[in-house]
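**Q** Given chain A's structure and the hints, the job is docking chain B onto it.
In the order they appear, the protein sequences are chains A and B. Residues 1 to 117 (the working numbering) are what the first sequence spells out, left to right. Residues 1 to 294 (the working numbering) are what the second sequence spells out, left to right.
Wrong hints could be hidden among the right ones.
Claimed, not checked - In silico DSBU-like pairs for lysine-lysine, Cα to Cα no more than 35 Å straight-line:
id : chain 1 : residue 1 : chain 2 : residue 2
1  : A       : Lys72     : A       : Lys99
2  : A       : Lys99     : B       : Lys248
3  : A       : Lys100    : B       : Lys257
4  : B       : Lys257    : A       : Lys108
5  : A       : Lys78     : B       : Lys192
6  : A       : Lys99     : B       : Lys9
7  : A       : Lys100    : B       : Lys250
8  : B       : Lys159    : A       : Lys99
9  : B       : Lys5      : A       : Lys78
10 : B       : Lys190    : A       : Lys78
11 : A       : Lys99     : B       : Lys245
12 : A       : Lys100    : B       : Lys159
13 : A       : Lys99     : B       : Lys239
14 : B       : Lys248    : A       : Lys100
15 : A       : Lys108    : B       : Lys263
16 : A       : Lys99     : B       : Lys250
Claimed, not checked - If you anchor each label on the Cβ, the simulated ranges turn out as follows:
id : chain 1 : residue 1 : chain 2 : residue 2 : range
17 : A       : Glu56     : B       : Asp195    : 29 to 35 Å
18 : B       : Gly10     : A       : Lys100    : 37 to 43 Å
19 : B       : Lys185    : A       : Lys100    : 22 to 28 Å
20 : B       : Ala167    : A       : Glu56     : 14 to 20 Å
If you are wondering where the hints come from, they were derived from the structure by calculation, not from laboratory data. No residue lacks a Cβ here, since even glycine has one placed at the ideal position from N, Cα and C.
Listed below, chain by chain, are the residues.
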Amino acid sequence: MPGQPEKHMNKPGKNNKTRTVYGPVATVFASVNTGSWRILRPGPDHSRCAGCGQCETFCPTGVIEIIDDPAKEGGRGKVVEIDWAYCKGCGICADVCPKKCIRMVEEKKGNENEERN
Amino acid sequence: MYDIKNTAKGLVAHGVSTCAGCGLELIIRHILDVLGENTVIVIPPGCAALFSGYGKETALRIPGFQGNLENTAAIAAGIRAGFEVQGRHDITVLAFAGDGATVDIGIQALSGMFERGERVLYVCYDNEAYMNTGIQGSGSTPFMAATTTTPGGKPSRRKNMLEIAAAHGIPYAASASAAYIDDLKKKVEKAKNTDGPSYLHIHTPCPTGWGFDPALSVSLARAAVQTGAWVLYEIEKGKLKLNSKTTKLKPVSDYLKPQGRFKHLSDKDIQDIQQEIDEYIQVLASRSENQAVI
Numbered sequence: 001m002p003g004q005p006e007k008h009m010n011k012p013g014k015n016n017k018t019r020t021v022y023g024p025v026a027t028v029f030a031s032v033n034t035g036s037w038r039i040l041r042p043g044p045d046h047s048r049c050a051g052c053g054q055c056e057t058f059c060p061t062g063v064i065e066i067i068d069d070p071a072k073e074g075g076r077g078k079v080v081e082i083d084w085a086y087c088k089g090c091g092i093c094a095d096v097c098p099k100k101c102i103r104m105v106e107e108k109k110g111n112e113n114e115e116r117n
Numbered sequence: 001m002y003d004i005k006n007t008a009k010g011l012v013a014h015g016v017s018t019c020a021g022c023g024l025e026l027i028i029r030h031i032l033d034v035l036g037e038n039t040v041i042v043i044p045p046g047c048a049a050l051f052s053g054y055g056k057e058t059a060l061r062i063p064g065f066q067g068n069l070e071n072t073a074a075i076a077a078g079i080r081a082g083f084e085v086q087g088r089h090d091i092t093v094l095a096f097a098g099d100g101a102t103v104d105i106g107i108q109a110l111s112g113m114f115e116r117g118e119r120v121l122y123v124c125y126d127n128e129a130y131m132n133t134g135i136q137g138s139g140s141t142p143f144m145a146a147t148t149t150t151p152g153g154k155p156s157r158r159k160n161m162l163e164i165a166a167a168h169g170i171p172y173a174a175s176a177s178a179a180y181i182d183d184l185k186k187k188v189e190k191a192k193n194t195d196g197p198s199y200l201h202i203h204t205p206c207p208t209g210w211g212f213d214p215a216l217s218v219s220l221a222r223a224a225v226q227t228g229a230w231v232l233y234e235i236e237k238g239k240l241k242l243n244s245k246t247t248k249l250k251p252v253s254d255y256l257k258p259q260g261r262f263k264h265l266s267d268k269d270i271q272d273i274q275q276e277i278d279e280y281i282q283v284l285a286s287r288s289e290n291q292a293v294i
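Bound conformation, chain A alone (with noise of 0.2 Å):
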């Protein structure tokens, strides 16, 4: 790939920051739609859900979120959000919930607890 590094490397832009982009690299940073893979989905209960984060520890795609639900316990409530773009649907959330509050359903039937889509 000749002349490949010095085109990306002199490009001027506001984010040209100094990095440490030496050599043929690949250069294009892109995600394949891996959540289209997904038999069953995590279908947290957010009514039971402390916030604990373990979930967002240990998911391997990590698209987990913990977020402040301001309508949950006088806005000091934590809820879990998920990336349904990325979510491969393994379940290793759904088991390490210490309060087992996260359960695997049908991605055909969709999630009841879940309002986005």
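**A** Just chain B now, kept in the frame of chain A:
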């Protein structure tokens, strides 16, 4: 500089085509969280090559190079030498290889790197066989585990790669597990700040190769530590420090029973494995200078 097609929380893309429940995918996220973007990664062919990507696409936001199976450590040492000439002592060079590329094919380059004392962080993710090419047995496959090349169970013992690495007298060598992320992160931080070669050997369950439900990945890795089938310890300048318990261990069948690769084991085989584990734990405990914490 990088053409970012999809956003990601950390330095690793979310949509990577590793199997569902992959232990490797879990640890690479946490390792790169600790190391930060001032890192150059070297990945040999294997499951981790999925993170190198295909063609000009990559799943990592840090520069990387995909080398050959034999010379991961040599490439990493070369990159380090180049950075030293430029005075970039701040950059971490990370070699990220599987068990086949470490204990079998890449061991000569790795041994040379340890001997020369290159400042490289070498991570071996151990899924206990050549998973990417179709579950062939490797030097790290445990005794009696079934693979496609050892369908009746591997007749020989596994190599103790961590002891081999530590025998080179390197400043830091440690074992870690995908189920103990805090312990893993601490060890990566320590290895990053080591002035010299450091070696991490990480147990990463593979649902496809070991034959278990992907949901059990983390609990199986935890069971391995709780039964003593995998021991967490670190060797710092020749001193061994245990990080996992060596007393009141669970029976090893808790770890073996859920796995398809061990389903042919008879009660006597399990007894033999249990006895071997007990003996090895005794050896480690007698060498250790502390009481375990986890």
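**Q** Against this structure, judge whether each hint is valid.
**A** Going through the hints against the structure:
| no. | hint | result |
| --- | --- | --- |
| 1 | Lys72/A <-> Lys99/A | holds (17 Å) |
| 2 | Lys99/A <-> Lys248/B | holds (26 Å) |
| 3 | Lys100/A <-> Lys257/B | holds (23 Å) |
| 4 | Lys257/B <-> Lys108/A | holds (32 Å) |
| 5 | Lys78/A <-> Lys192/B | holds (34 Å) |
| 6 | Lys99/A <-> Lys9/B | holds (26 Å) |
| 7 | Lys100/A <-> Lys250/B | holds (23 Å) |
| 8 | Lys159/B <-> Lys99/A | violated (39 Å) |
| 9 | Lys5/B <-> Lys78/A | holds (30 Å) |
| 10 | Lys190/B <-> Lys78/A | holds (33 Å) |
| 11 | Lys99/A <-> Lys245/B | holds (25 Å) |
| 12 | Lys100/A <-> Lys159/B | violated (38 Å) |
| 13 | Lys99/A <-> Lys239/B | violated (39 Å) |
| 14 | Lys248/B <-> Lys100/A | holds (26 Å) |
| 15 | Lys108/A <-> Lys263/B | holds (33 Å) |
| 16 | Lys99/A <-> Lys250/B | holds (23 Å) |
| 17 | Glu56/A <-> Asp195/B: 29 to 35 Å | holds (34 Å) |
| 18 | Gly10/B <-> Lys100/A: 37 to 43 Å | violated (27 Å) |
| 19 | Lys185/B <-> Lys100/A: 22 to 28 Å | holds (26 Å) |
| 20 | Ala167/B <-> Glu56/A: 14 to 20 Å | violated (39 Å) |
Hints 8, 12, 13, 18 and 20 from the list above are not met by this structure, while the remaining hints are.
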